[in-house]
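Enquirer: Chains as they are written, first to last, in this note's numbering: chain A, 166 to 669; chain B, 4 to 352.
It is possible that part of the hints are untrue.
[Said to hold, decoys possible] When the alpha-carbon atoms are kept at most 30 Å apart in a straight line, the in silico DSS-like pairs for lysine-lysine are as follows: (1) 539(A) / 192(B); (2) 74(B) / 507(A); (3) 217(A) / 321(B); (4) 539(A) / 13(B).
[To be verified] With the C-beta cut set under 8 Å, the calculated list includes, among others, these residues of chain B facing chain A: (5) 194; (6) 205; (7) 209; (8) 210; (9) 273.
Calculated directly from the structure, the hints in this document are not laboratory data. Heads up, the beta-carbon is just placed ideally off N, CA and C, and yes, glycines get one too.
Listed below are the residues making up each chain.
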Amino acid sequence: MTDTNGPMLHAKGVSKFFPGTIALDDVELVLHRGEVHALLGENGAGKSTLIKCLTGAYHRDAGQITLDGQDVSPGSTAESQSIGIGTVYQEVNLLPNLTIAENLFLGRQPTRYGFVSRKEMINGARKTLLEYGLNIDPSEPLNSYSVAIQQVVAIARAVEMSGKVLILDEPTASLDRDEVELVFSAIRKMKERGIAVVFITHFLDQVFEISDRATILRNGQVVGTRVLKDSNRKEIVTMMLGRQLEQKVHERKGGEAGEVLLEVTDLAKRGMIEPFSMKIHEGEVIGLAGLLGSGRTETANLLFGAVQSDQGKMKLRGKDTSINRPRDAIARRIGLCPEDRKSEGIIGNLSVRENIILALQVRQGWTRPIPRAKINEIAEHYVRALDIRLASLDMPIRLLSGGNQQKAILARWLATEPDLLILDEPTRGIDVGAHAEIIELIEKLRQNGMALVVASSELEELVAYSTRVIVLRDRQQVGELTGDKITADNIVHAIADEMPEAVN
Amino acid sequence: MSSTTQSIYKRILPQLIILAAVLVLNFLVFPDFFSIEFKNGRIFGNLIDVLNRCAPTAILCVGMTLVIATKGIDLSVGAVMAITGATAASLVVDGHGWFTALIGAVAVGALCGIWNGFLVAVLRIQPIVATLVLMVAGRGIAQLITEGTILTFHDEGLVRLGAGTIIGIPTPILIWITLGAIATFIVRKTSLGMLIEAIGINEASSRLAGINSRTLLVCVYLISGMCAAIAGVIVAADIKGADANNAGLWLELDAILAVVIGGNSLLGGRFSIIASLLGAMIIQSVNSVILLSGMPPEFNLVIKALLILAILVIQSPKIAHLRYMLRATDPLPRDKPKPPSVAPQEKSQ
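Using the sequences and the accompanying hints, generate a full structural model.
Expert: Encoded structure:
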């Protein structure tokens with residue numbers, strides 16, 4: 166029989182090898198009944214590999230996994246689900262066009278005389294959801310509810326189907342504060358039921374709020390497991406990064422910008438962004454602040470020509486110019502790191518080397534290939550300068566972790582030695598370490614006289630590197646903050662339409 | 004540079020092995036398969052025959068590989084062969100020289116390619132549908148050119164392109180090898196190959212990196228059309244006539260198959276022209292086995308299908324994964340670049 170005092174799940178000596186790397190090296194993970202266990206680590210530390218080994222998506226190369234006292238070795242995610250290990254991913258993995266009840270019971274619908282009993286299904290669904298504090302109509306399609314509710318439905322489904330271990334892979338990444346609370350209350354319900362919950366996230370606040378213990382991974386090894394009440398943020402971050410993260414004292418070296426590099430007047434695209442004008446100087450970082458859909462990304466895209474403007478003028482170093490497509494921008498030494506790294510940044514199957522060299526090669530023209538030696542020199546230079554972690558320059562870029570992919574895309578643009586670099590959400594979805602490095606890099610580039618335009622939804626970050634912040638609301642520029650006025654509070658005020666101190 | 008040679012070798016190794024295996028099969032059913040003799044100023048032999056007969060498919064392959072690398076497909080090449088064969092034939096029948104006929108045919112092929120490219124790159128029609136238009140219409144156009152008959156000709160210059168020899172070697176062999184070599188040289192010695200792969204893998208990213216994907220796509224279909232034109236002229240020259248209904252019939256499928264046997268993904272991206280050419284040779288060698296084995300002809304297509312199926316199964320991702328897993332279970336394989344640093348990378352403090 167099962168041993169009710171031992172741990173719910175015990176993974177011992179789990180290892181996983183990939184060509185050129187050891188993704189997991191002798192990893193141990195113990196999950197107790199009714200605990201929320203955070204799994205922490207930078208991107209590429211081995212969190213997802215460990216999860217995939219637990220759920221059977223990968224075959225572990227060594228090690229032992231005991232679930233409820235019994236050795237298990239799931240060969241597929243379906244098998245792991247049937248033995249009690251359920252997983253909920255960041256992107257809800259349900260069928261948005263089916264009803265909530267159908268989603269909950271998909272594949273195990275209650276039947277009557279061989280036919281699906283809708284009534285029983287809807288009643289069952291309502292009862293299940295009430296347990297999670299959701300009083301909603303289960304006969305409505307899933308996509309008529311918010312992502313948070315969908316997430317809770319996904320959790321409920323996973324618990325109903327599995328019921329011993331639940332793995333939550335960044336369930337709160339795209340949720341706002343209230344929605345996070347909804348998911349957390351669902352997690353607390355599961356704790357009460359004695360389920361062991363694995364919680365993966367980049368948000369340390371949430372880790373301390375909901376989790377009991379945390380296991381920290383770095384470079385495929387377990388650095389340690391801590392009871393969170395007896396620990397603190399600093400210790401955890403230090404364990405994650407493997408070095409003392411010195412508190413960055415932020416002192417902006419004045420706003421003394423150089424010559425006007427790019428001047429745009431009344432640039433606009435109907436339906437995307439209202440006419441806006443701005444002067445971009447050498448040696449300044451212009452932050453673009455605003456809520457999602459306020460026109461941050463649209464501004465960046467218009468400046469780069471990724472989207473063609475339908476009115477407005479541009480002057481580059483005082484001379485009239487026009488940028489209608491990315492090629493024009495690149496020829497004028499402008500670069501853009503897009504918001505959606507996967508679908509617009511990386512070229513997944515090309516090597517890291519080719520991804521880094523791409524924009525420079527395109528600007529040179531296809532008839533003038535960059536010599537092999539020069540390519541290696543450039544690629545190796547940026548891999549060192551930006552601390553891109555990889556097994557080989559020849560590996561496809563899609564195999565790198567998010568932060569390293571982002572650095573490689575930055576390297577692609579830095580290799581073209583741009584005068585103006587536009588960054589759209591440069592730190593989205595990357596780990597703490599790479600995050601700090603990218604912020605440092607922005608500061609360094611500015612000091613070297615480069616002009617930067619950075620769109621970001623993280624206010625602290627904007628405050629850290631911007632010499633000027635342009636605030637957008639409803640597809641319009643609504644304010645500008647400079648010098649000491651750049652504080653998170655002021656940006657929030659400006660976004661919320663109360664700008665006592667903003668200079669318009 | 005030796006590392007490049009090595010990686011090319013590694014890339015085409017499976018195709019080389021399969022080709023060798025099929026050739027051995029040829030030898031088993033027909034022991035004289037490898038004998039080559041020189042008489043009447045021309046080399047003869049079954050092996051030479053294989054090389055000669057695979058010319059049309061091989062030439063189509065060059066363009067098809069590039070098209071497939073962009074995540075596209077060109078179904079019209081067989082029909083374009085009929086159009087261009089008819090063009091060349093009608094030009095010589097009208098009294099023009101063979102060179103004019105060849106240039107005319109290639110120009111018409113280029114036009115067909117631009118049409119496909121326009122539909123795909125500018126109007127953004129899915130390649131399979133866009134090229135289907137010309138595949139269906141092409142034979143009709145060819146019939147209009149030949150006025151419904153099989154247009155025969157006797158121009159020696161033109162005939163030599165399909166049935167002649169140069170220093171004893173059949174011209175088609177020289178043409179496809181030269182074409183393959185030139186294409187490989189151009190895509191690998193310029194950055195064209197990388198750019199084509201980039202738009203095949205992720206067009207949105209490529210555009211943001213400054214690649215002119217529209218022009219590049221049109222060019223790729225243009226090259227495919229020109230290759231089809233050359234193949235069309237060779238086929239017409241071989242039979243001394245342009246047959247609008249049968250010239251190049253189903254050859255687009257052979258070309259696609261050759262590209263696939265060459266290990267190129269239909270999802271676009273990484274490509275190797277050399278591997279596709281080996282694929283064309285493999286298909287022709289399979290045809291040769293069936294002919295030489297003396298099987299009743301009604302078995303031909305079934306046996307061809309079985310052999311091709313076997314080749315594709317060997318190359319299938321599942322089997323490849325199995326091989327990979329067998330290798331990956333060895334914890335410290337010897338040819339791996341370097342042991343990963345498990346120690347945290349300390350920054351200088």
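Enquirer: Quick one: which hint numbers does this structure break? Sort them smallest to largest.
Expert: Violated: none.
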